[in-house]
Amino acid sequence: MSTARTDAPRGPLSSHLEVTRAGPTAIGWQRARFRLDRSLSAGYLGVGFVILGSLLMVRGLASLGWSWSDSPWRALSIVSWAILAVVLVVVVVSSRRRAGLVSPTVSVLVDTAGVAAVLLDLTALLLDSASGDSSATFYPTATVGFGACLLACLPAQPLSRSALGGVLLVIVGAAGAAVGWFVEPLSVPVSVNNLVIGAAPVFAFMLMLSATDARLGVLIDQAVADSLIPAPPTGHGVSAASHLRTLDDEAERLLDRVASTPTGTEIDPATAALAGELGDELRAALRADHELSWLQIAISESERLSGAVVLDDETGAVKRLAPDQRSTLLALVWLLSALRSAAPSPASSTALGVRVEPAAPDDDTALIITLWRPGTRAHSVDNAAWPLFTRLGRYTIDVSADRVAVAVHVLLPRPAGTAAA
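Residue numbers in the sequence shown follow full-length UniProt numbering, run continuously in steps of one, and reach 421 at the last position.
Don't read these hints as lab results, they were simulated from the structure.
As the structure is a prediction and not an experimental result, all values here were calculated from the model.
Backbone N, C-alpha and C fix where the C-beta goes; we use that ideal spot for every residue, glycine too.
Check each hint, because a few of them may be wrong.
Label pairs and their calculated CB-CB ranges [what the hints assert, rightly or not]: (1) Ser-160 to Val-192: 21 to 29 Å; (2) Leu-282 to Val-89: 50 to 58 Å; (3) Gly-48 to Ala-174: 24 to 32 Å; (4) Thr-315 to Thr-271: 35 to 43 Å; (5) Val-93 to Val-183: 33 to 41 Å; (6) Leu-254 to Gly-353: 38 to 46 Å; (7) Gly-353 to Thr-390: 16 to 24 Å; (8) Ala-211 to Ser-300: 25 to 33 Å; (9) Trp-68 to Ala-338: 53 to 61 Å; (10) Thr-315 to Ile-51: 54 to 62 Å; (11) Arg-257 to Asp-280: 15 to 23 Å; (12) Val-93 to Ala-163: 54 to 62 Å.
Derived SDA-like pairs: lysine to any residue, alpha-carbon spacing no greater than 20 Å straight-line [what the hints assert, rightly or not]: (13) Lys-319 to Asp-256; (14) Lys-319 to Leu-282; (15) Lys-319 to Ile-368; (16) Lys-319 to Leu-292; (17) Lys-319 to Thr-370; (18) Lys-319 to Leu-274; (19) Lys-319 to Val-192.
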């Protein structure tokens, strides 16, 4: 097998399939990377949010200019806005250097500097009001700049960090409005207005990106599951591959230990016993791996299906399906597992059940595939599912008080070289 590297660009699916060889930890990291990167955050999406943040910053500076007074204390407001401008530049530069992402340190810097800038702006307004200047107005504007910095960070960091920043913005903005109530009651609507201008875009785009993340997760799962349609009937699951990798590393260390033994020296009993244990574990792992069908692998490696589908296939009959039949069955599993239960109950009791068994004992020509979901009614089944049932085979519906079950009689493809009757 060639190990030569290629410079050809790889898409997200290719990267995901490659990283599955490294086990569950690598897959989890890759999923997080997809969600952070979104294949766009370093490009159009990231630039778009930076532009929106910059426009919001200009809006805040316009408010600062409109509320300007001749009091020397207003210089503190200039300092607060200078801090926010520097933070925005740091966010842009950091994301450019880190392929569209910002580090946790930069996220903390944004939150800390944003809170400090808002408090500094409030201090300037309080001192300005205390000076007795008749032209002074209590008009906090730094909340808009803080929101601009958070907006620029949105596609470059996990949404949990952005949510923390948004909460801090709301807290300090509300504190500013409360202070304004005691200093100048008429300033409260202005303070609330600037808080909304700064915070509303942040939370609105957070909701949008959260929905995008959820949809992207489903697409990744579906793409990986669909890649098993033309795959061999049995193969390497992630858990088995990870275990085999661990055994391979242990075997390599054992061989190094044996190689370091002086020539003519007998292998000690402990090393011999370890070699025997590794051999037994390796045989068991290989045997267990080949007992996994393509559908078992698809379910166990999917974030959505692993907790929503229970497969009952004791004989491994599902591996005898043709690729087009696999595709239809997998589409049905995705559709039916997404249905909502009619009655609230524990998640484990509402999982989609899939049972695969021969149509008759010792029958190699047909299977019975039964799908059911507790708490589901026939009218709640997605209309797109019924043509798929028809495509898969002849089906019957069993409706009971607490569920609807569909049993499909599936004709298996004839083995190659078998003459038609």
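So, going through the hints one by one against the coordinates:
{"no.": "1", "hint": "Ser-160 to Val-192: 21 to 29 Å", "result": "holds (26 Å)"}
{"no.": "2", "hint": "Leu-282 to Val-89: 50 to 58 Å", "result": "holds (55 Å)"}
{"no.": "3", "hint": "Gly-48 to Ala-174: 24 to 32 Å", "result": "holds (29 Å)"}
{"no.": "4", "hint": "Thr-315 to Thr-271: 35 to 43 Å", "result": "holds (41 Å)"}
{"no.": "5", "hint": "Val-93 to Val-183: 33 to 41 Å", "result": "holds (38 Å)"}
{"no.": "6", "hint": "Leu-254 to Gly-353: 38 to 46 Å", "result": "holds (44 Å)"}
{"no.": "7", "hint": "Gly-353 to Thr-390: 16 to 24 Å", "result": "holds (21 Å)"}
{"no.": "8", "hint": "Ala-211 to Ser-300: 25 to 33 Å", "result": "holds (26 Å)"}
{"no.": "9", "hint": "Trp-68 to Ala-338: 53 to 61 Å", "result": "holds (56 Å)"}
{"no.": "10", "hint": "Thr-315 to Ile-51: 54 to 62 Å", "result": "holds (59 Å)"}
{"no.": "11", "hint": "Arg-257 to Asp-280: 15 to 23 Å", "result": "holds (18 Å)"}
{"no.": "12", "hint": "Val-93 to Ala-163: 54 to 62 Å", "result": "violated (24 Å)"}
{"no.": "13", "hint": "Lys-319 to Asp-256", "result": "violated (40 Å)"}
{"no.": "14", "hint": "Lys-319 to Leu-282", "result": "violated (24 Å)"}
{"no.": "15", "hint": "Lys-319 to Ile-368", "result": "holds (13 Å)"}
{"no.": "16", "hint": "Lys-319 to Leu-292", "result": "holds (9 Å)"}
{"no.": "17", "hint": "Lys-319 to Thr-370", "result": "holds (16 Å)"}
{"no.": "18", "hint": "Lys-319 to Leu-274", "result": "violated (36 Å)"}
{"no.": "19", "hint": "Lys-319 to Val-192", "result": "violated (62 Å)"}
When the structure is compared with the earlier hints, violations turn up for hints 12, 13, 14, 18 and 19 and for no others.
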